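Here is how the chains run, residue by residue.
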Amino acid sequence: MSTVATDLRQAVEDAAAHLYVWALKDIPQDLRDALAAAKDRETSVPGRRVLETIVKNVDVAEAENNIVCQDTGIAVYTCRVGEHFPLHPAKIYEALKIGTERATLNTPLRSNAVHTLTRENTGPNTGYRLPIVHWDFLPGWDGLDVKCIPKGSGSENMSFLKMCVPADGVKGIKQFVLESVVGAGGKPCPPGIVGVGIGGSADYAMFLAKEAIARPVGTTNPDPEVAKLERELFDLLNETGVGPMGLGGDVTVLSCHIEHADTHMTLNPVAVNYQCWAARRASAHITPDGHVDFDREF
Amino acid sequence: MAEHRLTFPTSEEDIRKLHAGDLVTVDGHILGIRDRTQIRIFDQGVEPPLELNGAFLLHTAPNVRKLGPGKYEPMCVGTTTSARMVRFTEPLGRDHGVRAIAGKGGLPDEAIEPMAKYGMVYFALVGGAAALETTQIEEIEEVYWEELMPECLWKFRVKDFGPLWVGIDSHGNSMYRDVQSEATKRLEEIVAGL
Chain Z
0 MSTVATDLRQ AVEDAAAHLY VWALKDIPQD LRDALAAAKD RETSVPGRRV LETIVKNVDV
60 AEAENNIVCQ DTGIAVYTCR VGEHFPLHPA KIYEALKIGT ERATLNTPLR SNAVHTLTRE
120 NTGPNTGYRL PIVHWDFLPG WDGLDVKCIP KGSGSENMSF LKMCVPADGV KGIKQFVLES
180 VVGAGGKPCP PGIVGVGIGG SADYAMFLAK EAIARPVGTT NPDPEVAKLE RELFDLLNET
240 GVGPMGLGGD VTVLSCHIEH ADTHMTLNPV AVNYQCWAAR RASAHITPDG HVDFDREF
Chain A
0 MAEHRLTFPT SEEDIRKLHA GDLVTVDGHI LGIRDRTQIR IFDQGVEPPL ELNGAFLLHT
60 APNVRKLGPG KYEPMCVGTT TSARMVRFTE PLGRDHGVRA IAGKGGLPDE AIEPMAKYGM
120 VYFALVGGAA ALETTQIEEI EEVYWEELMP ECLWKFRVKD FGPLWVGIDS HGNSMYRDVQ
180 SEATKRLEEI VAGL
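Protein sequences, first through last, are from chains Z and A.
Per numbering that gives the first Met the number 0, the first sequence runs over residues 0 to 297.
Per numbering that gives the first Met the number 0, the second sequence runs over residues 0 to 193.
Next comes chain Z alone, as it looks inside the complex:
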């Protein structure tokens, strides 16, 4: 689908409103394929039944035009802004916020946002510093890519950080990821995508882990060393036997994605951000003249 708007701020707002609902209703094809394959290879009786129910649920959501999961999540967007895109990021943020509110009120969607101390609801899935936006800026380009990732809390609660030391090495990284996923058990709605952020700093490692869960299933890190670690961890995680919804089985994770950054010689940070099986994700590309293409994955 594509639209053209004359007002660029309005185009971004409309795109956000569409992306939030689209992501909640329509699970991407790579996930559907991964879930179907998981159903076929699972041998435990409850595990297989869980995966059959999941696949059926994705179909029911489509047939009923309903959202897949009741948790409309915390609205997270990643924005890739071209140097020559004619709308300032401050205005892009405003448009994403209003778009999120519109989607929440018009659909209607459950509003999850609360003040972190008083726990009072702050509005239609927006509030102070909500939605959350990850920014990336590209030189020599005039476009804007927006990806919406409504992040469920069941899986977000299963986020872990460890400041391993250099002497822990790669073994320390593997051990921490394995312990995190076994410790999480059925709580993050397995089988999902395990996002791992390594290197950088404490905060940046967690940022990278979130970037990792937003990648489509089947993609690999471009660095061959990191890609090798992704494959190894994927196999080891599926040997733990946690299984679908933590009820035991062969399929504990659908994928393991790692994003990395260079780091200080004394640091070895490892962050784990879990993404549930309903790994919702929707993208749009916006041109400087307000043309919005909703079919573009980035």
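These aren't lab readings, by the way, just hints derived from the structure by calculation.
Computed from a prediction, not measured in an experiment: that's the story for all the values here.
All C-beta atoms, glycine included, are put in the ideal place defined by N, C-alpha and C.
Misleading hints may appear alongside valid ones.
The calculated EDC-like cross-link candidates involving lysine to aspartate or glutamate, where the alpha carbons are at most 20 Å apart (straight line), are [said to hold, decoys possible]: (1) A:LYS65 to A:GLU141; (2) Z:LYS161 to Z:GLU178; (3) A:LYS184 to Z:GLU178; (4) A:LYS184 to Z:ASP234; (5) A:LYS184 to Z:ASP249.
Computed, partial: chain A to chain Z, Cβ under 10 Å [as the list claims (entries may be wrong)]: (6) VAL63; (7) GLY67; (8) GLY105; (9) ARG185; (10) GLU188.
Assemble chain A onto chain Z, guided by the hints.
Just chain A now, kept in the frame of chain Z:
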């Protein structure tokens, strides 16, 4: 693994017939509760506005559309992570006669003893399978404590609600404890081989 069909509210006798790993389908009335609902009952000492004896409690905060005063249509009703609310298990059984707690992801081992003592079970739903679950809800009959929206106390009438696994039974068994124990053993072996 046996399969059962139960209508709620139900009796301790029926609950005692269920064993960890059994598959159950439920009809009748179930109550939706969540973190804030139970904080109000147990931490703030507010009496629940309806009878919980024999009840099936579902950990949920649904997406609804308001039709009129106190009347809501279910849009998308699913379930949330139960482990956050484990400390309410014992008082729900001891003080209110609750028979079943349902949610996703399981309850930690501290729930096993009160469930055996008071005759309760934990039902595991498939987390995230909310679109399907919504088709099994016939009506939202009552809503209490609307000011806690969406963490109100909801009364749903359901038909063919499930599939539900008996994750923890009233005889001291837990699928979660068994799976965790096996996974911890495998983890130790994997780590030893790294």
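These are the hints, each one checked on the structure:
| no. | hint | in the structure |
| --- | --- | --- |
| 1 | A:LYS65 to A:GLU141 | 12 Å, holds |
| 2 | Z:LYS161 to Z:GLU178 | 11 Å, holds |
| 3 | A:LYS184 to Z:GLU178 | 12 Å, holds |
| 4 | A:LYS184 to Z:ASP234 | 17 Å, holds |
| 5 | A:LYS184 to Z:ASP249 | 15 Å, holds |
| 6 | VAL63 | 8 Å, holds |
| 7 | GLY67 | 15 Å, violated |
| 8 | GLY105 | 5 Å, holds |
| 9 | ARG185 | 5 Å, holds |
| 10 | GLU188 | 9 Å, holds |
When each numbered hint is compared with the structure, a violation occurs for hint 7 only.
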